[in-house]
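Protein chains: 6
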Amino acid sequence: MFYHDRELQYKVRVDKPNPAFARMLQQAIGGIEGEIRVCLQYMFQAWGARGPVKYRDMLLETGTEEMAHIEMLATAVALNLEGAPTSMQDEFAKDKVVGAVLGGMDPRHILSSGMAAMAVDSNGVPFNGSWVVGSGNLAADMYANVMAESTGRVLATRLWEMTDDPGMKDMLSFLIARDTMHQNQWLAVLEELGGLHGVHPIPNSFPQSEEVKDFNYAFVSTYIGNQTTEGGRWTQGNSIDGKGEFHLKKAAPLGGEPKLAPPVPEGHAQKEQMTMADTVIGTVADKVKGAISGSGGSPE
Amino acid sequence: MFYHDRELQYKVRVDKPNPAFARMLQQAIGGIEGEIRVCLQYMFQAWGARGPVKYRDMLLETGTEEMAHIEMLATAVALNLEGAPTSMQDEFAKDKVVGAVLGGMDPRHILSSGMAAMAVDSNGVPFNGSWVVGSGNLAADMYANVMAESTGRVLATRLWEMTDDPGMKDMLSFLIARDTMHQNQWLAVLEELGGLHGVHPIPNSFPQSEEVKDFNYAFVSTYIGNQTTEGGRWTQGNSIDGKGEFHLKKAAPLGGEPKLAPPVPEGHAQKEQMTMADTVIGTVADKVKGAISGSGGSPE
Amino acid sequence: MFYHDRELQYKVRVDKPNPAFARMLQQAIGGIEGEIRVCLQYMFQAWGARGPVKYRDMLLETGTEEMAHIEMLATAVALNLEGAPTSMQDEFAKDKVVGAVLGGMDPRHILSSGMAAMAVDSNGVPFNGSWVVGSGNLAADMYANVMAESTGRVLATRLWEMTDDPGMKDMLSFLIARDTMHQNQWLAVLEELGGLHGVHPIPNSFPQSEEVKDFNYAFVSTYIGNQTTEGGRWTQGNSIDGKGEFHLKKAAPLGGEPKLAPPVPEGHAQKEQMTMADTVIGTVADKVKGAISGSGGSPE
Amino acid sequence: MFYHDRELQYKVRVDKPNPAFARMLQQAIGGIEGEIRVCLQYMFQAWGARGPVKYRDMLLETGTEEMAHIEMLATAVALNLEGAPTSMQDEFAKDKVVGAVLGGMDPRHILSSGMAAMAVDSNGVPFNGSWVVGSGNLAADMYANVMAESTGRVLATRLWEMTDDPGMKDMLSFLIARDTMHQNQWLAVLEELGGLHGVHPIPNSFPQSEEVKDFNYAFVSTYIGNQTTEGGRWTQGNSIDGKGEFHLKKAAPLGGEPKLAPPVPEGHAQKEQMTMADTVIGTVADKVKGAISGSGGSPE
Amino acid sequence: MFYHDRELQYKVRVDKPNPAFARMLQQAIGGIEGEIRVCLQYMFQAWGARGPVKYRDMLLETGTEEMAHIEMLATAVALNLEGAPTSMQDEFAKDKVVGAVLGGMDPRHILSSGMAAMAVDSNGVPFNGSWVVGSGNLAADMYANVMAESTGRVLATRLWEMTDDPGMKDMLSFLIARDTMHQNQWLAVLEELGGLHGVHPIPNSFPQSEEVKDFNYAFVSTYIGNQTTEGGRWTQGNSIDGKGEFHLKKAAPLGGEPKLAPPVPEGHAQKEQMTMADTVIGTVADKVKGAISGSGGSPE
Amino acid sequence: MFYHDRELQYKVRVDKPNPAFARMLQQAIGGIEGEIRVCLQYMFQAWGARGPVKYRDMLLETGTEEMAHIEMLATAVALNLEGAPTSMQDEFAKDKVVGAVLGGMDPRHILSSGMAAMAVDSNGVPFNGSWVVGSGNLAADMYANVMAESTGRVLATRLWEMTDDPGMKDMLSFLIARDTMHQNQWLAVLEELGGLHGVHPIPNSFPQSEEVKDFNYAFVSTYIGNQTTEGGRWTQGNSIDGKGEFHLKKAAPLGGEPKLAPPVPEGHAQKEQMTMADTVIGTVADKVKGAISGSGGSPE
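Residue numbers (my numbering), protein chains in the order written: chain L, 2 to 301; chain R, 2 to 301; chain V, 2 to 301; chain Y, 2 to 301; chain E, 2 to 301; chain C, 2 to 301.
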């Protein structure tokens, strides 16, 4: 369970309130790269953790910390909204600055929240629970977490570039530092779980003997132009998981032409779909047979 | 630009149609772990690629392949829906099997699509464009891709376990193999970009000297219980990115109590918020001062 | 900021795991009546609180408690999923029970979360940040909170009726008790703020002299049938806020027929909309004039 | 403005309540093919109508009627839920029928609405305002309306097939009849606006001389397989709008390889994207030049 | 399956990058009128096509082409973002232009994508899979496609008006031309399927004898004002489908007053709903009887 | 069923069209505080009403009135868009005003609706059906309605402050007056149902003897800082519902540490989760036992 005190994890100071920057900060609160997502993601991973308990414990630690980050950012939004315009009256005609500010603000900061943060992104699109990833596979979850902290840190550095308010820059420097740690933290779990050779392919509990051979380490090229395809680490050498050899394979259809039954009467397609289907299907069946024999046979 | 033929990349065969399994397959089409997401994700990353062109080229290759995977799965859904019940009539009272099947189906496979796949997940929740991640940072994107292929492969192996239809198992074995390759492929890019020491912290173009010191390699523990915190790779040793030393730090507030201005009149808070605010704010200000001095001062 | 320990606020015990009940519990986690909503709602209200600090403090207390409730419910979901079927194989044909269970489960509990809770409702629809209400008006927010705890307690009692698992009934009895308190708690704030006469109409800081007279305490009846309209407390007597007298008023149009300009050329309506508009508009203008004089004049 | 009486537009009778059919009916209420959508769509088209007033008037008529259809369907949902199970207790273990029914129901009909209709589809996915199409172009809107009434009538006939309840079949027979009329009604507007030759291409107010020649009546084929492409009405003859001649054109790239600038420093891509970009761009530039000259030049 | 080359279908050139226009272009990518929608719509219609195979083949052709249109627009977005401001620093106070530009941009083009296109509309609202219509009825689908290409072409002409960048105007002229063809193409299928008399009412496979008589060709007027209702093509003459005669009918209730059972105890309504219901229901029942007899009887 | 005339409920006049204000008004149409929500909410509550019929009748009255409010606001949006810019051409470079206006507008008012209202909020986020609350519990619904009218009136007063257009101020004064009435109206129902002592805790049909004792009137404090917790009405005195005594209780865990089973093989967690789980679980079990005995036992 959870506890709180009334203080912030780190200083949140705004020297020159900027309502347009308040809108930008919303991305770090309710956006897909934001703190609500990581807070709930680590929490749900913890609450559903099956396997070694120490990972559950660690996820709870950091999930709880992220709640404090939402708090800091929400405070920063409110402080950036101090003194924001609430009117389009006379001034709107006279002073284009007000217009520009209003254009750059989230109008719902005035209309809906009364100058406070909301659970939305920088375009006012609400936080969406589908972003909370907890797959039940620890390694997949760790990659989801590294990814969240990577796009999160990219976002934070862009916000840092965007402002010259010393208080905001300081707060963001703290959050950037925490993202550095959190990237490392989830990578540390991946190292404990066996590193690249140990964890991949994720899930490592599925027998690779069941995979369709020749396709699990082949780079399939769908390119049909005339230029040469520049190779890379992914077209030659040992695979990164140490379990195969990379090679390049030109895309080619092995599956033949798909053939669906005509519509059922109760589904009320057009009559023409049912009548014409009969005729055509014979033709198709023939075509399909040709197509399959023409396309070079089955994959095994 | 893009081209097509009329054949499938790999065989899609359904021996015993199962409309409830059709619903399950929708997760691999329109779910967050599904193929529409990776198709569009690799495409958008390619179309917005800035930097070495070979990564753009590679992203296009695999994005194009994923479109063929949506096609395979959509075909599999349609084939699993052959012969599905379209009625709750008399049979519903008599035969509970029909009820069970209808209960397990996506009703929109009957009502909305006429026995065909849709751009939704296994609960009928529509595909959402917010899942398409392209951050402009190549390393962050590669982690987004490894994560997508990891949760995608976990999903595919669960679908493989769920069915004993030989055709479906074969198709899934192909898709599982491709996910193996794609995990390796994005990891290969990360290796090319410098590996763990080279790419982290992402973005590696932000000067770490700007990070708040002491927090970028500290595991912050918010735990206040009496048990000991079991350490892990993330509490000691060199950081995974090779740029710091892990250490544990007990969570403590450095930010003082936040203080917002009273509401502006035009925002029409309750009168009591404005009047009482004045009085209370004095008190708060004092409290805040105490809190800050009590909490141990500023972070540096 | 926030802290945690590793224990639950209250016992969560499942005697007979039931994967269909796990799905039902999701409504109390990620549904609009659920705990993520109230947790974030109280938090955002606290973080944006302007006015008396004691309300901010209290909101933080209860927001933090709600996080512990999400934890309890997420644990209950995971426990109800122990032993859930993961397969539609042979058994599906033979044993309709498995089908019924699978039909009653959230398939994503198998496919996406590996038998754990998710940030979705009982239909798998993701939690949506738009539900997090913090208006900046303390009284409006308190009603949002009473409403959330009322629909929340209704939901919890329905879940309580649905199960006969003693562990689940006990956990729900705890949550129902907390909802009782929380309803009372927010009502207590409304009492402190002045009760019905003091807080209404919300916001009480807008001068009622600006309201269009005769309409602020009139029950407008749009009914045009032949039966009599049964009165109620809302058609007679003093208004609940003590500032007016209820009376009934038959709906009648005071606004005349609306008239829009023809489309601008750059908006590319059909040509006919532009040509015909000219002709017709004259007619409309006349009609409008008639309509306005016919409808009984302006409201003052 | 709007008025009501307390009676339904047409009889709604349920002989054998079926809670699973209640769920099916939700598709016709809150689904994309449903009545909330057409109600709001016709209303918003009316309220924003620019041009001949008679179309505004007509849209209001039918929008108002659709509100009565939502009412009928909502009543039908409530009646189908009479006697629905509210429990998974003992019976769940003993009687699989209850399980099947619960599996086929929308659980939120029990948990959230207390046995009443909701503004959601048959999977519990909420109605979405993005479906309400009003483009400002009358002809485009009429097609949106024909489309809505076509998918709506398809849905209604599928629901009709699904039930053998005489009351429900009767109600659906009424709604199907109304959809027949509404398809005809919007087509009648299209006839008034000039028919196929008059309204197309929509918008007909854009000068076709500005279109890139040779592409406005060409069927572009992206097929690269070996079979012959079966022609159709769309590959030969006068175009349907009477303004061109259909012909077939093999897809070929005219646009060269796209070339984006390297990332800006403040966007914090990886360092390698910036460094390597410089080197590679030279190469690309050359390649692009080659590609453009190789691809056959500009379209005119 | 699918293939690609590295070149664009048509030239994409931006002479004067305009980050606000980049935002506008997003509507044509991820908006409901945009290219992701048509691409997936034609694909899903093809993959689920039952009936004559030539329609499947044709849908694949155009679905594949639309993918190339997304690519063109995504490239156009990236090019319009070259040189966009990334900062609100000093300049924000001094130079209102930057503010105006930032206000007009999608902030996520800076924060989330690093100056590249995203799968969202011009307000940053994500693409939604519910827009992908494939009903299983070929004629309904063709109308969905005509509608998509009509609103799509309206959008493209508005974008064309909005810009004076010659490169952008040229690209849009190409897309407008393609929309012209695609409108004609889907109409051509409708002609093949029998034209207005043949395809309507959609679905044409439902026996019209089952429709409630007198309502399938009646224009129902809900208007109760004093003006005369101006007729139109839809109030007289043969119906457009050739199967009936239009006529006008004043709206009147045929369904009586609905009557629901009192709440079940397990649903935990308020006690007063259960008690009072008993009393009132008697009254209601009487009223209902009166209402039905008063409202003129049943519809047949 | 429903009827209409062609006139507005109240005058809608715009003296100086302002396209940015048009965007603001969208919040009152399609936002969570807006009129589509209350219209559908009262309608769905009426259509699902079980219990005294007079509440159903009343809900229909006001639901019908709200439809007229959407109409007024939609008209106001269209009128504010008269003369709005449709172009970013030359002027954009020269005249920053156009840029400011375009930045402040909803671009979809140009691109998607052709200068008319849409079913979206002020950020273009679509109306969402999940906001339509009808719980089946009359008292809970009345609170949902008071809350909707409270946030709705707060919104309307903010819009009133924002504009100095006399026509718009007049229209808003009317809507504000109606919100005053509607707040009072739903409160009047709550008074009829028994007032605070009668209706709470909602639902009042659940036996409070089933609640976990000591927690239904306890204010639980999760605060662990050093300051004193300022009491309030909610920490002492009779509870507002008259059924208990408020008291303060320090948060303490009663539930022990949760313990989940190891992952099932078919869920394909990582191998390490399964192996390590076995070892660790022994330890955990011991810890849990200690934790439970240490945390002070069960709640009763």
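FYI, nobody ran anything at the bench for these hints, they're computed from the structure.
For clarity, every value in this text was computed on a predicted model and none was experimentally measured.
Where is the CB? At the ideal position from N, CA and C, for every residue including glycine.
Accuracy of the hints is not assured; some may be wrong.
As the list claims (entries may be wrong) - Coverage of chain L stretches by chain E, computed from C-beta distances (three or more under 8 Å per stretch; other residues unrestricted):
1. 17-26
2. 202-211
3. 263-276
To be verified - Here are some chain R residues the structure puts well away from chain E; computed CB gaps all over 12 Å:
4. R51
5. D58
6. T65
7. A69
8. A79
9. E83
10. D122
11. F128
12. S136
13. N138
14. G199
15. A219
16. T236
17. Q237
18. L249
19. K260
Going through the hints against the structure:
1. Restraint check on the segment 17-26 of chain L versus chain E: 6 residues with Cβ-Cβ distances below 8 Å, three needed, restraint holds.
2. Note: the segment 202-211 of chain L has 0 residues with beta-carbon separation from chain E under 8 Å; the three-residue rule is not met and the coverage is violated.
3. Given as covered by chain E, the segment 263-276 of chain L passes the check, having 11 residues with a CB less than 8 Å from a CB of that chain where 3 are the minimum.
4. Against the 12 Å criterion, R51 of chain R falls within the reach of chain E, whose nearest CB is about 7 Å from its own CB.
5. For D58 of chain R, the shortest C-beta to C-beta distance to chain E comes to about 6 Å, within the 12 Å cut-off, and the non-interface label is violated.
6. Distance check on T65 of chain R: its Cβ comes as close as 5 Å (rounded) to a Cβ of chain E, failing to clear the 12 Å threshold; non-interface status is violated.
7. A beta-carbon of chain E comes within 12 Å of the beta-carbon of A69 of chain R; the shortest separation is about 4 Å.
8. With a least CB separation of 5 Å from chain E, A79 of chain R falls inside the 12 Å interface cut-off, contrary to its annotation.
9. The Cβ of E83 of chain R sits about 10 Å from the closest Cβ of chain E, inside the 12 Å cut-off, so the non-interface label is violated.
10. Residue-level check failed: D122 of chain R sits 9 Å from the nearest beta carbon of chain E, not beyond 12 Å.
11. At roughly 3 Å from the closest C-beta of chain E, the C-beta of F128 of chain R falls inside 12 Å, breaking its exclusion from the interface.
12. A cut-off of 12 Å between C-beta atoms contradicts the statement that S136 of chain R is not in contact with chain E; the least separation is 6 Å.
13. At the 12 Å boundary, the C-beta of N138 of chain R falls inside the reach of chain E, the nearest C-beta of that chain being 6 Å off.
14. Listed as a non-interface residue, G199 of chain R keeps its Cβ farther than 12 Å from every Cβ of chain E; the least gap is roughly 19 Å.
15. Distance check on A219 of chain R: its Cβ is at least 27 Å (rounded) from any Cβ of chain E, clearing the 12 Å threshold; non-interface status holds.
16. With a cut of 12 Å on Cβ distances, T236 of chain R stays outside the contact zone with chain E, its closest approach being about 33 Å.
17. Residue placement check: Q237 of chain R keeps its beta carbon more than 12 Å from all beta carbons of chain E (closest about 35 Å).
18. Taking the minimum C-beta to C-beta distance to chain E, about 32 Å, the non-interface status of L249 of chain R holds against the 12 Å cut.
19. Non-interface status of K260 of chain R relative to chain E is upheld: no Cβ of that chain comes within 12 Å, the nearest being about 24 Å off.
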